[in-house]
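**Student:** With these hints in hand, go ahead and build the complete structure from the sequences.
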Amino acid sequence: MSAVCVLTPIVIGSWPMIATAVGGVAASLGFSIASGVGNESGKRSHNKVESELPNSEVIEESISRGQSITIEKDGVTVRIGQDERGRCTVCVSSENLSKAEMKAVGDEVSGRLIQQFTYHKLVTELKQRRFEIVDEQMTADESIKLRVRVGGGPG
Amino acid sequence: MKQPEYSIEIGSDGKVRVEVKGAQGQLCMDLADLIRDIVGQEESRQKTSEYYSTDGAVRIQGLMHGRVREQP
Chain A
0 MSAVCVLTPI VIGSWPMIAT AVGGVAASLG FSIASGVGNE SGKRSHNKVE SELPNSEVIE
60 ESISRGQSIT IEKDGVTVRI GQDERGRCTV CVSSENLSKA EMKAVGDEVS GRLIQQFTYH
120 KLVTELKQRR FEIVDEQMTA DESIKLRVRV GGGPG
Chain B
0 MKQPEYSIEI GSDGKVRVEV KGAQGQLCMD LADLIRDIVG QEESRQKTSE YYSTDGAVRI
60 QGLMHGRVRE QP
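Keeping their order, the protein sequence lines are chains A and B. Mapping of the first sequence onto numbering that gives the first Met the number 0: position 147 corresponds to residue 146, and the numbering continues sequentially without gaps. Mapping of the second sequence onto numbering that gives the first Met the number 0: position 51 corresponds to residue 50, and the numbering continues sequentially without gaps.
One should not assume that every hint holds.
Once the Cα atoms are required to be at most 27 angstroms apart in a straight line, the calculated DSSO-like pairs of lysine-lysine come out as [as the list claims (entries may be wrong)]: (1) B:Lys-20 x A:Lys-144; (2) B:Lys-14 x A:Lys-72; (3) A:Lys-98 x B:Lys-14; (4) A:Lys-126 x B:Lys-1; (5) B:Lys-14 x A:Lys-144; (6) B:Lys-14 x A:Lys-102; (7) B:Lys-46 x A:Lys-126; (8) A:Lys-126 x B:Lys-14; (9) A:Lys-144 x B:Lys-46.
Don't read these hints as lab results, they were simulated from the structure.
**Tutor:** Next comes the structure, spelled out in structure tokens:
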């Protein structure tokens, strides 16, 4: 190897890009999509923990603020949406979990959301540059490993 | 010369670790910069020995020169 970098992703994308990543999160964590993309609505629980996805911004296109996607598993509901400033938010609600347990679920979903967003963005950008993805695997600790052969150079 | 490669690991917490392999000097830095520009903020970067090396042909030539001089 000749250089090793550690990077913190910045999640800036349109709502469809976020929605694609949420689909990946749901699939990898065993959630099902409860409401699909839509405006914030439906039943509300008082027992909830809401957090903001760090370094995130949803680029507003032709959609209005307040859109969200809800995923569910075992009585736990996670709503991924955006706040007034355009930041991506993750809200976990459940009648059975404690606040700490809901926060843990929110942290896990947030991490996976960043992972899926970054994966889709990287693969799209590298393919556009005609770089070749020669190997792709999910490790035991749920990391995504990619081996990419540089094609026509970084330009 | 062997084509440069990336080894990219995206953790379940979203952190990204990138290794650039088979590239030296400015090309290596340019390839690392490319991934940084796609992904986001850089927390750390370490150059390894390969970064400073020249390509294999020059290294072999230098080694052969040394051996010729050693002969009586």
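**Student:** Are the hints correct? Go through all of them and say.
**Tutor:** Results for each hint:
| no. | hint | in the structure |
| --- | --- | --- |
| 1 | B:Lys-20 x A:Lys-144 | 15 angstroms, holds |
| 2 | B:Lys-14 x A:Lys-72 | 25 angstroms, holds |
| 3 | A:Lys-98 x B:Lys-14 | 25 angstroms, holds |
| 4 | A:Lys-126 x B:Lys-1 | 20 angstroms, holds |
| 5 | B:Lys-14 x A:Lys-144 | 12 angstroms, holds |
| 6 | B:Lys-14 x A:Lys-102 | 19 angstroms, holds |
| 7 | B:Lys-46 x A:Lys-126 | 26 angstroms, holds |
| 8 | A:Lys-126 x B:Lys-14 | 21 angstroms, holds |
| 9 | A:Lys-144 x B:Lys-46 | 21 angstroms, holds |
The structure agrees with every numbered hint stated previously.
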